[in-house]
Amino acid sequence: MENDNRTTEIQNESQNTENKKYIAYIIVAVIIAAAAGGWWYFKKEEEKKAAAAAAAVVQPPVVSAMVVKRSDVPVEMEYTGQTSGFREAELRAQVGGIIKKKSYKEGMPVKAGQVMFTIDPAPYRAVLNRNTASLKQSEVQMNQMKIDFDRAAALYKKNAISKAEYDAAQSGWQASKAAVDAAKALVRQAQIDLGWTTVRAPISGYSGKEQYSVGNLIEAGGLLTTIIQSDKLYVDFAIPADSYRRNEQFKKQGYLKVRPEGLSVELALGDGTKIEKRGKIDFQNRFVTPETASIKARAVFDNKDNELYSGQFVRVYVKGYYVPNILQVPLKAVVQASSQSFVYRLDEKNIPEKTEIRIILTIGNNCLVASGVKEGDRIVLDGVGKVRPGEEVAVEGEK
Numbered sequence: 001m002e003n004d005n006r007t008t009e010i011q012n013e014s015q016n017t018e019n020k021k022y023i024a025y026i027i028v029a030v031i032i033a034a035a036a037g038g039w040w041y042f043k044k045e046e047e048k049k050a051a052a053a054a055a056a057v058v059q060p061p062v063v064s065a066m067v068v069k070r071s072d073v074p075v076e077m078e079y080t081g082q083t084s085g086f087r088e089a090e091l092r093a094q095v096g097g098i099i100k101k102k103s104y105k106e107g108m109p110v111k112a113g114q115v116m117f118t119i120d121p122a123p124y125r126a127v128l129n130r131n132t133a134s135l136k137q138s139e140v141q142m143n144q145m146k147i148d149f150d151r152a153a154a155l156y157k158k159n160a161i162s163k164a165e166y167d168a169a170q171s172g173w174q175a176s177k178a179a180v181d182a183a184k185a186l187v188r189q190a191q192i193d194l195g196w197t198t199v200r201a202p203i204s205g206y207s208g209k210e211q212y213s214v215g216n217l218i219e220a221g222g223l224l225t226t227i228i229q230s231d232k233l234y235v236d237f238a239i240p241a242d243s244y245r246r247n248e249q250f251k252k253q254g255y256l257k258v259r260p261e262g263l264s265v266e267l268a269l270g271d272g273t274k275i276e277k278r279g280k281i282d283f284q285n286r287f288v289t290p291e292t293a294s295i296k297a298r299a300v301f302d303n304k305d306n307e308l309y310s311g312q313f314v315r316v317y318v319k320g321y322y323v324p325n326i327l328q329v330p331l332k333a334v335v336q337a338s339s340q341s342f343v344y345r346l347d348e349k350n351i352p353e354k355t356e357i358r359i360i361l362t363i364g365n366n367c368l369v370a371s372g373v374k375e376g377d378r379i380v381l382d383g384v385g386k387v388r389p390g391e392e393v394a395v396e397g398e399k
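The letter at position 380 of the sequence shown is residue 380 when you use the working numbering, and the numbering goes up by one with no holes.
For the record, the hints were derived by calculation from the structure and aren't laboratory data. Don't take each hint at face value.
As the list claims (entries may be wrong) - Pairwise CB distance ranges, derived in the manner of DEER restraints: (1) 285 / 174: 52 to 58 Å; (2) 305 / 182: 50 to 56 Å; (3) 215 / 167: 57 to 63 Å; (4) 307 / 386: 47 to 53 Å.
Unchecked claim - With a straight-line Cα cutoff of 35 Å, these simulated DSBU-like cross-link-like pairs (lysine-lysine) come out: (5) 280 / 105; (6) 69 / 349; (7) 69 / 354; (8) 319 / 296; (9) 111 / 101; (10) 374 / 252; (11) 304 / 277; (12) 257 / 232; (13) 257 / 354; (14) 105 / 209; (15) 251 / 111; (16) 332 / 304; (17) 257 / 280; (18) 304 / 280; (19) 332 / 252; (20) 136 / 163; (21) 184 / 101; (22) 319 / 277; (23) 354 / 332; (24) 349 / 374; (25) 280 / 319; (26) 146 / 157; (27) 209 / 111; (28) 257 / 69; (29) 69 / 251; (30) 257 / 374.
Backbone N, C-alpha and C fix where the C-beta goes; we use that ideal spot for every residue, glycine too.
Please model the entire structure based on the sequences and the hints provided.
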């Protein structure tokens with residue numbers, strides 16, 4: 001019995017020892033887990049602090065820069081224009097009557113002197129015949145009066161007739177001469193009227209649509225058709241008065257000059273098609289047209305290939321002007337503030353300075369600058385919106 005109790009005690013002690021070891025293992029595991037969690041938390045906090053510190057360091061904005069240079073800059077003036085025939089003739093009837101014949105095809109070229117229409121000549125031929133007969137009658141009377149005057153003169157020398165009779169004979173002869181002159185004038189007018197019944201082209205060119213057809217009655221002065229000479233062509237355009245005044249000021253100041261070969265004119269159609277030919281300005285008004293506040297000008301073009309047609313609207317480009325030895329700055333580098341213009345000029349440390357410039361002319365995407373910067377200056381080109389005056393910038397392409 002005692003042996004059994006002893007055995008039970010030994011077993012209980014062994015069980016207690018095992019329980020204590022298990023508890024110790026659990027405690028160690030908890031301690032290790034807590035230590036690992038603390039280390040992870042500390043690591044994350046350190047990472048957060050490092051990220052915050054890195055974010056606190058502000059990098060300079062990255063921009064691109066350019067060097068300002070001088071050069072001759074061509075200047076092109078653009079206007080709206082309209083073509084017109086080099087010569088345009090309205091073919092009008094000089095006499096009235098019935099149109100008997102049309103001798104041309106509408107829209108086709110005609111030559112100067114070519115017969116275009118025929119007006120019934122019969123009434124005018126009858127007038128010519130009547131006036132011719134009257135002339136002959138007047139000439140017969142004049143010859144008779146000359147004979148009478150010669151006879152009276154001979155008798156007057158012999159004192160056979162009085163002075164009054166001599167004067168009457170002389171007056172009769174002079175009146176008959178005047179009647180002959182008047183009859184000749186009527187004959188000549190009748191001949192002219194008869195000639196005008198044949199209507200001829202006054203110039204060479206392209207014919208227009210007929211306004212009266214055969215069989216119609218037309219009055220003197222009535223429009224028959226139009227002829228346009230197109231081997232040469234005019235282009236009329238208008239220069240706005242303000243632009244003209246500004247250009248004249250630039251010329252006086254020496255900013256705007258004309259190349260030695262002079263000005264030339266190029267054209268583009270309404271769809272943008274360029275015309276491969278050049279013209280010359282042959283006329284320009286010296287006063288402003290009040291209705292349009294512009295100055296009228298005109299250029300002339302050769303058009304033997306008939307590439308252009310009268311009445312077309314075109315874009316006119318006047319070339320040959322240039323601005324000599326001028327500084328250029330792209331528009332994207334310019335900051336506008338009210339009526340002033342600025343650029344950011346960079347020093348050797350890439351510190352930008354806000355610098356005012358004076359723009360004299362804008363051509364395309366570039367400004368022509370008269371003052372504010374000088375040749376060799378570096379200015380910010382792209383990224384002007386990120387620049388703060390006095391704060392360093394990083395320039396692309398530079399270390």
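Proposed proximity, residue 157 with residue 146 (alpha carbon, max 35 Å): The given pair, whose Cα atoms are some 17 Å apart, holds under the 35 Å limit.
message: Would the hint linking residue 257 and residue 374 be met if the CA-CA limit is 35 Å?
response: 22 Å, holds
query: Within 35 Å, alpha carbon to alpha carbon, are residue 374 and residue 252?
result: 23 Å, holds
task: Given the hint that residue 304 pairs with residue 280, test it: the Cα-Cα distance must not exceed 35 Å.
output: 16 Å, holds
query: Are the Cα positions of residue 354 and residue 332 separated by 35 Å at most?
result: Holds, at about 15 Å.
query: Straight-line Cα separation of residue 319 and residue 296 no greater than 35 Å?
result: 17 Å, holds
field: Straight-line alpha-carbon gap residue 69 to residue 251, limit 35 Å
entry: 22 Å, holds
query: Are the Cα positions of residue 319 and residue 277 separated by 35 Å at most?
result: 13 Å, holds
query: Does residue 105 lie within 35 Å of residue 280 when you go C-alpha to C-alpha?
result: Within the cut-off at roughly 33 Å; holds.
query: Quick one, are residue 280 and residue 319 close enough, alpha carbons at most 35 Å?
result: Cα-Cα ~10 Å, so holds.
message: residue 332 and residue 304 were given as a pair; does the straight-line alpha-carbon distance stay at or below 35 Å?
response: 45 Å, violated
query: Are residue 304 and residue 277 close enough, with their CA atoms no more than 35 Å apart?
result: 11 Å, holds
Against the hints set out earlier in the document, violations occur for numbers 15, 16.
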